[in-house]
Amino acid sequence: MGKYTDEKKIENLVQMEISDSTRPSSQQVNLWIKEVEQEIDSKKLGWDDNANPGDGYSASNVYLSVPKIRIGLRPLTKFKMLCKGIDPEQLKKGVVIPIQENQYYPIIPGKNVTLYRRTSSLTDTPEWKELTRGYYTGWDESADSDFMVLTIKGRAGQEHGVAFFIYSSVPLKTGPAALKASYSYGWNLPQEILNRYATLKVGMRVLEAAVESGEPARLGSFVGGDFQTFVNTQISETLRRWKEEITEIEKKFFPKPARAKILWI
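The sequence shown begins at 1 in our numbering and counts up one residue at a time.
Keep in mind the hints are simulated off the structure, nothing from the lab. Watch out, some of these pointers could steer you wrong.
Unchecked claim - The calculated EDC-like cross-link candidates involving lysine to aspartate or glutamate, where the alpha carbons are at most 20 Å apart (straight line), are:
no., residue 1, residue 2
1, K9, E192
2, K44, E208
3, K256, E159
4, K9, E245
5, K44, D20
6, K251, E39
7, K43, E192
8, K173, E130
9, K153, E208
10, K243, E11
11, K111, E39
12, K252, D41
13, K111, D48
14, K34, D49
15, K252, E192
16, K93, D146
17, K251, D41
18, K9, E208
19, K173, E212
20, K44, E250
21, K43, E130
22, K43, E245
23, K44, D144
24, K243, D20
25, K34, D20
26, K93, D48
Model the full assembly from the supplied sequences, consistent with the hints where possible.
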């Protein structure tokens, strides 16, 4: 059984039985399922193998740089626009470290996030001090904190962590690998959206393969009438509708990440 779809879902969509003796065969369909799921995972839309929906993908020991140069208001204004309403007045006297330019983006803020600052020099054996996260859902406010995760709203309503905001009271080294983070990340699309998307993608390949092999007469919902008319109209119309729905899902829910720079404020 796949993460985002399975043979039964495909059968329900195309309304034809799939087995080892059909064309396409069960083996071929499951290969297509694997290919589509690998495509989804390559775009970091879902979750790790053996994980649960919403868990995302695991990133450990992600090294982040801290800049030496302080940048003025103009980049800050751009960052404000990126973060869709985060008030820059609330972010004074700290450093914002966007993580957008590394491959482990965006953070899933509802999961565990750990952040360390390097206390040793770059050339020595690394020594780290863990920082305390604050201002997140479920925080009990019982102790001081050192940083927070800045978030924006995703296209499907989910939260995306786009940067670490580290308070000015935290002594930071500058330069490469000044910080080390571990967290869950990914675009975290809702399970039902990924289920539908994967099922449609594989379903199209199954239906096309059935037509090419002369198998569409097995499709229960399409039996009857002139066979050639059936192939030219009903199958073509079905494939067109599925393709439109796939495109609509991609346009509506798939990420369009913006670029960001490291900012001191």
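Now for the hints, and whether the structure bears them out:
A threshold of 20 Å between alpha carbons decides the hint, and for K9 with E192 the separation of about 12 Å falls inside it, so the pair holds. Between K44 and E208, the direct Cα distance comes to roughly 28 Å. Violation of the 20 Å bound is thereby established for this hinted pair. Straight-line distance between C-alpha atoms of K256 and E159 comes to about 14 Å, which keeps the hinted pair within the 20 Å bound. Annotation: proposed proximity of K9 to E245 holds, straight-line Cα distance about 16 Å (limit 20 Å).
Taking the CA atoms of K44 and D20, the gap is near 32 Å; set against the 20 Å cutoff, the hint is violated. The hinted pair formed by K251 and E39 meets the criterion: a straight-line CA distance of about 16 Å does not exceed 20 Å. Our distance criterion of 20 Å between C-alpha atoms is met by K43 and E192, whose separation comes to about 17 Å. About 14 Å separates the Cα atoms of K173 and E130, which keeps this hinted pair within 20 Å; it holds.
About 38 Å separates the Cα atoms of K153 and E208, which puts this hinted pair outside 20 Å; it is violated. A distance of roughly 18 Å separates the Cα atoms of K243 and E11; the hinted pair therefore holds under the 20 Å criterion. In summary, the hint linking K111 to E39 is not supported, as the alpha carbons are separated by about 24 Å, beyond the 20 Å threshold. Only pairs whose Cα atoms come within 20 Å are accepted, and K252 paired with D41 is accepted, the gap being roughly 18 Å.
The hinted pair formed by K111 and D48 meets the criterion: a straight-line CA distance of about 14 Å does not exceed 20 Å. This hinted pair checks out: K34 and D49 have alpha carbons roughly 12 Å apart, not beyond 20 Å. Proposed proximity of K252 and E192 is supported: the alpha carbons are some 14 Å apart, at most 20 Å. Under the criterion of a C-alpha separation no larger than 20 Å, the hint pairing K93 with D146 is consistent with the structure, at around 13 Å.
For the hint pairing K251 with D41, the CA-to-CA distance comes to about 18 Å; that is within 20 Å, so the pair holds. At roughly 17 Å between alpha-carbon atoms, K9 and E208 fall within 20 Å of each other, so this suggested pair holds. For the hint linking K173 to E212, the alpha-carbon distance of about 63 Å lies beyond 20 Å, and the restraint is violated. Pair hint K44 plus E250 holds up; C-alpha atoms about 14 Å apart against a cutoff of 20 Å.
With a C-alpha separation of about 30 Å, the suggested pair K43 and E130 falls outside the 20 Å cut-off, and the hint is violated. Between K43 and E245 the alpha-carbon distance is near 19 Å, which keeps this suggested pair within the 20 Å criterion. Only pairs whose Cα atoms come within 20 Å are accepted, and K44 paired with D144 is rejected, the gap being roughly 33 Å. A hinted pair counts as satisfied when its Cα atoms are at most 20 Å apart, and K243 with D20 does not qualify at roughly 27 Å.
Of the pairs offered as hints, the one joining K34 and D20 holds, with about 17 Å between alpha carbons and a cut-off of 20 Å not exceeded. Taking the CA atoms of K93 and D48, the gap is near 37 Å; set against the 20 Å cutoff, the hint is violated.
Hints 2, 5, 9, 11, 19, 21, 23, 24, 26 from the list above are not met by this structure, while the remaining hints are.
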